[in-house]
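Student: Below are the chains, spelled out letter by letter.
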Amino acid sequence: MKGWTRHEGMAAGLPQENIDTDQLIPARFMSAPRSEGYGKFLLHDLRFDADGTPRDFPLGPGTSVVVTRRNFGSGSSREAAVYALVDFGIRVVVAPSFGDIFASNAVNNGLLPARVTPEMAEQLLGQLAAGPVRVVADLETGRIRIGDESVPFDLVRSWRDKLINGWDDIDLTLRHRAEIATFAERYRRASPWTWPRGTG
Amino acid sequence: MNAPRTLLDKLWNRHEIVRGDEGTSLLWVDRHLVHEGSHHAFRKLSERNLPVAHPELTVAVVDHYAPTRHRDRITDPAQKRMIDTLEENARRHGLTCFGLDDPRQGIVHVIGPEQGLTLPGLLINCGDSHTSTHGAFGALAFGIGATEVAHVLATQTIWQSRPKAMRIRIEGTAGPGVGAKDFALGWIARLGADGAHGHAIEYAGSAVRALSMEGRMTLCNLSIEGGGRLGMIAPDETTLAYLEGRPRAPAGDEWQRACAEWLALTSDDGAAFDREVTIDAAEIAPIVTWGTSPEDALPIDGHVPDPAKLAPREADNVRDALDYMGLTAGQKLAGTPVDQVFIGSCTNARIEDLRAAAAVLAGRRSRVPGMVSPGSTAVKARAEAEGLDRIFIEAGLDWVGSGCSMCVAMNGDIAAPGSRVASTTNRNFKGRQGRGARTHLMSPVMVAAAAVTGALTDVRPLLKGRKP
Ligand code: SF4
Chain A
675 MKGWTRHEGM AAGLPQENID TDQLIPARFM SAPRSEGYGK FLLHDLRFDA DGTPRDFPLG
735 PGTSVVVTRR NFGSGSSREA AVYALVDFGI RVVVAPSFGD IFASNAVNNG LLPARVTPEM
795 AEQLLGQLAA GPVRVVADLE TGRIRIGDES VPFDLVRSWR DKLINGWDDI DLTLRHRAEI
855 ATFAERYRRA SPWTWPRGTG
Chain B
19 MNAPRTLLDK LWNRHEIVRG DEGTSLLWVD RHLVHEGSHH AFRKLSERNL PVAHPELTVA
79 VVDHYAPTRH RDRITDPAQK RMIDTLEENA RRHGLTCFGL DDPRQGIVHV IGPEQGLTLP
139 GLLINCGDSH TSTHGAFGAL AFGIGATEVA HVLATQTIWQ SRPKAMRIRI EGTAGPGVGA
199 KDFALGWIAR LGADGAHGHA IEYAGSAVRA LSMEGRMTLC NLSIEGGGRL GMIAPDETTL
259 AYLEGRPRAP AGDEWQRACA EWLALTSDDG AAFDREVTID AAEIAPIVTW GTSPEDALPI
319 DGHVPDPAKL APREADNVRD ALDYMGLTAG QKLAGTPVDQ VFIGSCTNAR IEDLRAAAAV
379 LAGRRSRVPG MVSPGSTAVK ARAEAEGLDR IFIEAGLDWV GSGCSMCVAM NGDIAAPGSR
439 VASTTNRNFK GRQGRGARTH LMSPVMVAAA AVTGALTDVR PLLKGRKP
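Taken in sequence, the protein lines are chains A and B.
Our numbering applies: residue 675 is where the first sequence begins, and numbers increase by one.
Our numbering applies: residue 19 is where the second sequence begins, and numbers increase by one.
Simulated from the structure, these hints should not be mistaken for laboratory data.
One should not assume that every hint holds.
With a straight-line Cα cutoff of 35 Å, these simulated DSBU-like cross-link-like pairs (lysine-lysine) come out [unchecked claim]:
#1 Lys676(A) x Lys714(A)
#2 Lys714(A) x Lys98(B)
#3 Lys62(B) x Lys714(A)
This one's a predicted model, so the numbers in the text were calculated from it and none came from an experiment.
Chain B with its partners taken away, still in its complex shape (with noise of 0.2 Å):
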C-alpha cells in the first residue's frame, strides 16, 4: 500500500510537471488572477515580447484603486491610470477583465469563488499574498511577486519550494459571537506572525468543519498573517453546496466527475505532518489586536502588555507599538475609544460577514463615522435585496461601493493620523490605513459593537436576543 499522503501531498503531486534540485518544482497554474498592481509583471513581458500564454486561464479585476463612491468620474489622476492600465493590459492580452461598472467586480479573492473560478484541487496564483483565501475550497493557492506574476503569465507555471505541512485543529464548538476571524488572530497570537513560516496549513477539526464557506475563507485568508505560505481546507459537502451552479464551476456531467474527484482531497488518516497544533474553540473569545502586527491580539476582556514587566526586546517592541497606537501600558482593552469603524476587505466582507454585522446594529445607531464594503458587486446587491443596506445606513454609517478600500487606502479611502479605528480588515500593520492611522482588527460582530458603543467593546451582551 502507498504511504498515507496529506492533502498537501496530494494536490502538490497533481501540478508537478518537473522537480528539480532541493525540492524545487515547476507547478501547473489553474487560475492566475491578476489585478491593478500588476502592472510591473505585465511591463515585464512586453519588455520581452512575451504574449500570455493562456489567457483563458487568467482572469483581471478592478479592486485595489477601485473608487467606492463615484465610481464614474475619478479624479485622483494616478488611481484612474492604475484602473486604465489594467484595461488595457487585458484587452491586449485578450484576458477577461471585470471592470468597475461589471456586475461581476468585487475583491479579487471574494469573486473567484462567486464566479466559481476556484475550485477545490486548483492550483491558485495571485500577485496578492492573501491569494491564500482561496485555499478554504481544497485549492493550493498562494501570492506571488511581481517576477512571479510575469512568470505566470508568460508560461502558465511557478517554481516553488515545497512547503512544510502543519496541520490546525481546531475542536469543540465556539460560544456566541465567536467565530473565524476569532480562530485566526487567537492561533497567531499563539504562535506568532511567523509562527507558521514556510509552512502549508490544513486547517481541520470539528470547529473548521462547522464553518460556513466564508468562515473558511475568513481563516484561510489570515493563513498568511501568522507567516503561513498557504493555509487549506479539504472540500467537504459544504464545498459542494457553495460552488454548484457557479457561473464558472463545471456542470452536468462533469460536476459529478468533479465531485468525485474533489471528496477524494483529504489528508489519509495517519498522514505524517511536520507540526500539529490543537486548539479548544470553546476557550476562545472574540479577540481585538492592541498593536501593529496580527501577533498583537488578546481577548477582548485583556489588559495590554506593560513593558515594565518583560525582557528588555520584547519590551522595546511593546512600548514601540504602545506609542504608535496611543495606549497606555497595561491598560483594559475594552472601554477604549475609537474614532471610526471600517466592515470590508478580503477577510470579512462576504455576505455572511454583512449580515452578522448588521444583526448587531439593526435598529441601533452607530456612535462614530464608519463606512461598510461589500466584498463584490453582487455581494452588495444581494446584501440590498435582504434589506442589510437600511441597517447600516439608518445606524448612520456610510454604504458604499466595493473594493478594497481602507484595508489597504490605496483608492482614496483613508483615516486621518492618529485616528483609531475599528476594522474588519486584515493588518494592523504602522500606516496601513493611512499615516499614523490606529487599527484594531477584530470581527465584523465586534466591529459592529464598536460602533454602537463607541468603543472596544464585547459583543456578547450585545447579542442577547439576536441571531447573529
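With the rest of the complex left out, here is chain A (with noise of 0.2 Å):
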C-alpha cells in the first residue's frame, strides 16, 4: 500500500445515512477475484436499474471524494465494500460517523475515514448541493477544504501514520515475533484450557 499525505480531488454528496456495507457492494457479487476491479459493483443497486440501465447518481467517474451523513459503511465485515470504492476511484469518505470495521477496513487500503460533525457534514453537503466541486483533504493538518468550507477531521494518529507511510500491520507486527512468542509460551503455561481439546 502507498502511502499519501494530501489529496486533491472532485467531491460528490450522498445525502443519505446507514450507507452500509450490503448497499456498497451486494453480497451476489462477492464471489469475484479482485484482480477484476471490483469499481463497477460500487452502489450497484443504487447506480443501475434491475435491467443495468445507469441512473442519475451523484457519483461519476471523477469523484474521488464522498461527503455523506451518518453510520457510513455500517454493517457486515465485507472488506469488499472498501474494494468498491477504492477501485472506483474513491480516496476520501466524509462523514459524522463509521462502522467500526468499516473504518479500519479503509485505513488498510489506504482509504480515509474522515469524521466530522454532523453540522459539518451539513454544510459540506451544502457546498456539493449544485455538483462536484473541488477538494483537498490533508493528512498532516487534519482538515478538509471544500469549496469555501475548511473543516478539521477526526481520525486516530496511529491511523493517520498509517496511511501517511502506508504501513502494513503484517511487517509491523513480525518485529514483534519475539514478544509474541514469549507471551504465548507464558500464557499457554498459566491457562493451558485457552488451547482447544485434541490439538497439540
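Put the two chains together into one complex; each comes in its own frame, and the hints tell you how they fit.
Tutor: Shown next as C-alpha cells:
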C-alpha cells in the first residue's frame, strides 16, 4: 500500500444515512476475484436499474471524495465494500460516523474515513448540492477544504500515521516476533485450557 | 487495593502483548474462525508466502455459500468455486475444516459454541461482523476485515484500539412472547444503529441473567447492529452448564481449573463504565422492523412514522425507507400482509429458537411459503429427533439444510424483488435478501405468527394455552 499526505480531487455528496456495506457492494458480487476490479460493483443497485440501465447518480467517474451522512459503512465486515470504493477511485469518505470494522478496513486500504460533526457534514453537503466541487484533504493538518469551507476531521493518530506511511500491519507485527513467542509460552502455561482439546 | 475493573479490562489485559500509542494494543487471538468469504485473506497470505502461524487455533467452516438443498450437486459454478477454494486453503494450511457433509458443519457463530471452541476468557476473531455472538460466553469476540484476517492467519495476533466500556442493564421480567431478539431490537431502536459506536457492550441485569445461552447469543449477536464493536455477558452457571462436555471444551482437571478462572470474569463492583443504559424488560413488547435499518424498529402494536410530522432530514430518510418497503406513512404495522417467512441465521436458528417457533406452528398451517434453515447440522439432527421438522413441514414450510441461506442470499436462497419477508435474521438492509426484497426483522415466535396469519401479527394471543 502506498502512503499519501494530501489528496486533491472532486467531491460528490451522498445525502443519505446508514449507507451500509450491503449497499456499497451487494453480496452477489463478492465471489469475484479482486483482479477483475471491484469499482463496477460500487453502490450497484443504487447506480443501476434492474436491467443494468445507469441511473442519474451523484458519483461520476472523476469522483474521489464522498461526503455523506451518519453511520456510513455499517453492517458486514466485508472488506469488498472498501475495494469497491477504492477501485472506483475514491480516496476519502467524509461522514459524522462510520461502522467500526469498515473504518479499519478503509485505513488498511489507504482510504481515509474522515469523521466530522453532523453540522459540518451538512455544511459540506450544502456546498455539493449543485454538483461536484474541488476538494483538498490533508492528513498533516487534519483538515478538508471544499469550496469555501475548511473543516477539521477526526482520525486516531495511529491510523493517520498508517495512511501517511502506507504501513502494513504484518510487517509491523513481525518485528514483535520475540515478544509474541514469549507471551504465547507464558500464556499457555498459565491457562492451558485456552488451547482446544484434541490439538497438540 | 487495585481499582475495580470491568470485564472488558480483564479480558483485554489477559491478551495484551504490546501496548502501542494511543491505546492501540497487539492482542493474542485464541480462536480464529474462517469461512468461504476469507478467500481474499488467504490470497494475501500466499502472495507473501507466509504460513498460518497457528493452524491448531484456526477452524474453517462452509456456511455463507452452503447450499441448503441438493448439497451433493452444486449447480452454480461461483458458489462451488467459493466452497472448493476454502477447502483447498484449509488443506494447504492444515486447518480443521467442517465441510458440507461434516456433521459439525453449520453457521460459524453457531458451531463455535456448539463444538466448545468458544469459551469464556478467549479472544475470538472471524471475518464476519456477527462474531460478537461469541461474547455471550464472556469472550472478547469481534469481526474483522480481510486484511486483518490475513494478519491473524500470519501472526495469531491483532492490533486493536481499546473500545470504550458500555453497560446495558436489562432488569425485571419479560412478558410472554418477548425475548432476546426484542431486547436487542428495543435498545437499538432507542439508541440508534450507531448508538454504541466505538463501545464494547456488556449486557447485565436480571433479565439477561435469566436468558439461556441461546438467548444470550441472540442478544450479543445483534450488538453490531447497534454500532457496538462487540457484546458480552459475564460467565455464570448457565454458561458452564452449556459448555460442559462439548467436544473441544476442556475436560477433567482442566475443566475445574478453567471454571474457577471463568467465574472470576465479571465486572467488579464499582467498576467505571463510559456509558450505562438501563432498560425495563417488562416494558418491552414483541418488536418488528419497518424500515431499512435495524434502528427502524417498533412494537408490533405501533404505527410506522409519518414523514409529514418529522424534521426535513429525518423525513427524507423515513420517506426513502417507506418507499423501499412499500408501506404507507403512519400505517399500522400489524396486519401488513407478508409474502414469505424465513427462520434461520446466526441470530435465531439455534434449537431453542426452533422449539419456540414450532410451539406456535404446531397443528397450524402457514398461509405463506417459507423456509426453516437450522443454524447447524447438529441443530438440524436435534430438531429432527424432537420431531420439530414434522411440525414445520406439516405447517407447509420447507425444512432445509444449514447455512447462512436467506440471511445474506449468497447461496441462491433469495427473495424476489418486492417480496415481503418476515425474517428471524439480523439485517433489513436494502437488497440484503435479494434485490428489492423487503425484510422485516423479528423473533422466531413472531415469524411463526406471521406465517400462521399471513401478516405481521402480535404473537401473544397465539400463545394462549401453549408453552413457547
Ligand atoms: S447467518 Fe447471516 S449474519 Fe450470520 S454469519 Fe451468516 S451471513 Fe453473517
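Student: Work down the list of hints and note, for each, if the structure agrees.
Tutor: Status of each hint after checking the structure:
At roughly 23 Å between alpha-carbon atoms, Lys676(A) and Lys714(A) fall within 35 Å of each other, so this suggested pair holds. Proximity of Lys714(A) to Lys98(B) is assessed by CA-CA distance (about 23 Å); at most 35 Å being required, the pair is judged to hold. About 22 Å separates the Cα atoms of Lys62(B) and Lys714(A), which keeps this hinted pair within 35 Å; it holds.
Hint compliance for this structure: no hint is broken.
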